[in-house]
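Chains as they are written, first to last, in the numbering used here: chain R, 1 to 246; chain H, 1 to 126.
For the record, the hints were derived by calculation from the structure and aren't laboratory data.
For every residue, glycine included, the Cβ atom is placed at its ideal position computed from N, Cα and C.
Do not take every clue at face value.
[Unchecked claim] Here are a few chain R residues that face chain H, going by a calculated C-beta distance under 7 angstroms:
no.: 1; residue: G81
no.: 2; residue: R82
no.: 3; residue: E103
no.: 4; residue: T217
no.: 5; residue: N219
no.: 6; residue: E222
no.: 7; residue: K238
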Amino acid sequence: MATEFEEMGAVPSFTVTLFVRRYNPEDGQEARWQDFDVQVHGTDRVLDALHKIKWEMDGSLTFRRSCAHGVCGSDAMRINGRNRLACKTLIKDLDITQPIYVEPIKGLEVEKDLVVDMNPFYQAYRDIKPFLIASDKPEKERLQSAAEHSKFEDTTKCILCAACTTSCPVFWTDGQYFGPAAIVNAHRFIFDSRDEAAEVRIDILNDKEGVWRCRTTFNCTEACPRGIEVTKAIAEVKQAILRGKP
Amino acid sequence: MPTKPAGTLYRGKVGMWSWVLHRITGVAIFFFLLVHVLDTSLVRLSPEAYNAVVSTYKTPLVGLGELGLVAAILYHALNGVRVILIDFWRKGVKYQNVMFWVVVVVALIAFAGFAPRHLIHVFHLG
Ligand code: SF4
Ligand code: FES
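One chain only, chain R, in its complex shape (with noise of 0.2 angstroms):
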């Protein structure tokens, strides 16, 4: 009765390839491709997958992750040639009668296997001031509409994953472009009713390296694993500084 109550349950199980972009940085080898068949769930996420080549198969397989639902945006990697979060993105969904290809996000530096150098991403973030600029003292809450609050809930979504900065042609030739996770954050101040330093962002944005850059290729807004439009909002900051105030 049992056995036959499990089966009924049960989540088919099936084997998938997955080639991984491996490169280690002590080995003195070009990176490779390495290939592993491993057992999956029909629940499974590629992450899953990589756990289990790593717990299982080889433990030297390096990869970032940390909250592993989608919420702290450490292991955005590029999957089938797509910026994806690997624990975002169900095996079941790609197509897998082929192989899975997992690699390292494009244009960061390898810094092993799967993991990037995020510094220069950061740094980025930071040149943007991804922080409330007010004069008054915080004494009480600061109100807002719903409607001045719509203006820049979209932009509030991003995890930094830097899923849309690497995708981003520009981003790959160019690498001192701030990219389009630093523009969505300076959104996210620009247009807040709340903040007064606007002035000061569109400044830093219409710059050489700054929104001018953007040639609206949308692989950024496919690849936000949290949905954020985020073409629309470089769009909008370019009107900013077109008007010179948000």
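Knowing the structure of chain R, use the given hints to seat chain H with the ligands on it.
Relative to chain R, chain H with the ligands alone:
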């Protein structure tokens, strides 16, 4: 240090490929303009030299090249309008995909109007 792994090609969608095509056509038009400015400036040096150079253009091969040039300019101009609308029209981002296909269809219609007449000239059929 191999910091730039080759890896796969990024699988962008309409937005990315329309931009790639915009770049390619842009560079092609630039090189045409370069040649065009050079041969036109020959007139100031000597009209005979200008005539000699321009008469070499009257071959079917250059005629077909002109066809390509028109196609490139049509796409680049129309897609340029699309990019402007994406940046400065409130609904541009929402309709960017539709606008791309509008660009393609309008470019094809205009091209279909131009190509036969041009080819008749090139191959002296008229
Ligand atoms: S905008 Fe989206 S893709 Fe870009 S860093 Fe934020 S959450 Fe990630
Ligand atoms: S591990 Fe935190 S977002 Fe995927």
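Hint by hint, here is what the structure shows:
The closest approach between the C-beta of G81 (chain R) and any C-beta of chain H is roughly 4 angstroms, which is under the 7 angstroms cut-off, so the hint is satisfied. Look at R82 (chain R): its Cβ gets to within about 5 angstroms of chain H, closer than 7 angstroms, so that hint holds up. Hint status for E103 (chain R): holds, given a least beta-carbon distance of 5 angstroms to chain H, under 7 angstroms. Of the supplied interface hints, the one on T217 (chain R) holds, with its beta-carbon coming within about 4 angstroms of a beta-carbon of chain H, less than 7 angstroms.
For N219 (chain R), the interface hint holds, since its Cβ comes within 7 angstroms of a Cβ in chain H; the closest pair sits about 5 angstroms apart. Look at E222 (chain R): its Cβ gets to within about 6 angstroms of chain H, closer than 7 angstroms, so that hint holds up. Because the closest C-beta pair between K238 (chain R) and chain H is about 5 angstroms apart, less than 7 angstroms, the hint holds.
The earlier numbered hints are all upheld by this structure, with none contradicted.
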